[in-house]
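Engineer: Each chain is listed here by its residues.
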Amino acid sequence: MDAILRTENLWVEYRPRGLKLEARPALKGLNLSVQAGEVFGFLGPNGAGKTTTINVLLGFIPPTRGTAQLFDIDVRQPIARQRIGYLPEMTYYYKFLTAEELLRLYARIFGLRRPEADRRIDALLKLVELEPARKRLIKTYSKGMQQRVGIAQALINNPDLLILDEPTSGLDPLGRMKVREIIQRLKQEGKTVFFSSHELGEVETVCDRVAIIHQGELKTLGRVDDLVSQHHSNLEQVFLNIIGYQPQSAL
Amino acid sequence: MNTIWALAGVVIKELYRRKDFYVLFVLTALITVAAGSVRFFQDPNIVRYVKDLCLLLIWVSALLITIATAARQIPAERENRTIFPLLAKPVTRGQVILGKFLGCWLASGIALIVFYAFFAVVTGSREHYWPVLDYFQAILLQWIMLGIVTAMTLLGSIVFAAPSSTVTIVFIVVAGILFLGRHLNTVALHNPEPLRSVIYTIYFIIPHLELFDVRERVVNDWGLVGWLDCGLATLYAAAYTGLFLLLTWLAFRRKSLT
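Protein chains in written order, with my numbering: chain A, 52 to 302; chain B, 605 to 862.
Incorrect hints may appear among the rest.
[As the list claims (entries may be wrong)] Partial pick of chain B residues on the chain A-facing surface, computed with a CB cut under 7 Å:
#, residue
1, E618
2, R621
3, S665
4, R685
5, T686
6, F688
7, A692
8, P694
9, H732
10, P735
11, L745
12, A765
13, S768
14, K859
15, L861
Just so you know, these hints were derived from the structure itself, not from any lab. These figures come from a predicted structure and were not determined experimentally. Beta carbons: idealized from backbone N, C-alpha and C, even for Gly.
Turn these sequences into a full structure, and let the hints steer you where they fit.
Structural biologist: As structure tokens, this is what we get:
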């Protein structure tokens with residue numbers, strides 16, 4: 052299978068302001084390879100470097116060392132993002148636009164022709180159940196509705212790779228179910244999904260492979276079934292073992 | 605180019621959905637209508653004075669709208685984090701800057717047309733005189749000047765921390781250029797070296813925005829500026845606008861967004 056997302060020896064260092072302060076590494080030589088058609092879970096505790104990795108993959112921050120590629124194109128090239136969809140953790144959209152206007156904006160950016168854009172917008176608004184609210188300004192939406200706009204915008208270009216940054220955080224159970232259904236559906240369509248999450252039960256349900264990152268280092272990478280059987284436990288226990296968590300009672 | 609137009613459309617949509625823009629807009633329109641309607645004692649000097657005041661108001665309002673709109677574009681994108689889903693698409697930072705520039709510049713043009721339309725209708729209905737070409741030239745030159753101001757403000761919005769600082773600093777710089785720019789060479793002559801060289805350098809570096817101010821010609825009915833001169837002024841403005849946009853891009857392209 053082809054790797055459509057690849058990082059090699061990826062280092063990111065944040066250099067604090069001030070001459071004598073040392074650079075703080077956020078990623079330490081990360082090597083990842085995500086194959087076409089798989090659902091890949093990217094796990095780690097807060098501050099492990101998950102969002103930094105996604106920021107590098109999307110070209111928001113440059114790597115200090117190493118390379119990151121999407122579809123064999125360096126992530127610093129905007130064309131690398133032509134075939135991806137991105138759903139951020141929070142809803143960062145123009146609140147003065149309607150859902151339809153927002154999707155139309157992104158459709159134009161992806162170069163979709165008007166009839167095709169109309170078709171995609173109709174289908175996506177139906178998919179995320181925002182059809183009745185399509186003419187309302189986003190600022191009048193509930194958080195769940197805004198997150199659903201996020202899902203729709205991430206799919207506007209019918210992406211081959213979907214990058215989701217904690218897609219279910221802050222969603223009610225119904226919203227989570229919806230996101231899970233969409234991920235499953237994309238998987239059936241042969242799309243690749245790369246997502247970071249704290250919801251380990253969810254990850255266990257939908258992911259083919261997972262990577263666990265801690266303090267900027269890749270701790271483990273493998274198939275969910277293999278990891279669970281190796282540790283004779285569930286993914287949550289695997290995760291806690293790998294990051295070296297010790298319960299209070301054990302101290 | 606499609607991306608740039610799409611981003612410009614967002615700027616214009618935001619502007620007409622904001623209430624503060626309407627306040628300034630309606631206020632200027634009302635004052636223009638009220639002042640333009642006045643014709644004290646049929647004295648032509650007073651009419652000229654009132655027309656001059658109206659045009660000054662249009663200049664100040666257009667500048668305020670342009671600077672205030674341009675100053676918050678990129679900082680608001682960063683603060684609201686809308687820049688992230690945007691840059692996660694195949695969009696370069698250069699396209700973001702050009703889209704913002706185009707949107708602000710077009711918005712300022714729309715505002716100018718509406719202001720001048722009010723002014724023309726009010727004065728025309730009183731004086732039964734319609735110097736349409738003069739107004740067109742005044743709008744065109746002012747709009748070209750606003751292109752420089754928009755680009756300058758976008759640069760300021762990357763350099764300075766808060767949009768309020770950008771608005772204040774750019775407004776002071778623009779007002780300074782408009783009022784003092786043309787006199788700097790004379791001031792330089794009356795100063796000893798090395799101050800003279802410094803003032804001369806400033807005189808030659810700054811964009812002379814006052815070149816685009818034809819209010820006096822409109823008020824006193826002195827006729828049109830030659831179209832060749834207008835073309836040269838456009839090239840002069842294009843050079844400065846391009847330079848400011850280039851500097852904005854250089855400052856923004858490696859700026860950390862996180």
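Engineer: So, for every hint listed, does it hold in this structure?
Structural biologist: Evaluated hints:
1. E618: Result: holds, 5 Å to nearest chain A Cβ.
2. R621: holds (5 Å)
3. S665: Status violated, d = 22 Å.
4. R685: holds (4 Å)
5. T686: holds (5 Å)
6. F688: holds (5 Å)
7. A692: holds (4 Å)
8. P694: holds (5 Å)
9. H732: Since chain A brings no Cβ nearer than about 43 Å to B/H732, farther than 7 Å, the hint is violated.
10. P735: It is violated, given that the least Cβ distance between B/P735 and chain A is near 38 Å, above 7 Å.
11. L745: violated (32 Å)
12. A765: Status violated, d = 14 Å.
13. S768: violated (21 Å)
14. K859: violated (11 Å)
15. L861: At 5 Å from the nearest chain A Cβ, B/L861 passes the 7 Å test, so the hint holds.
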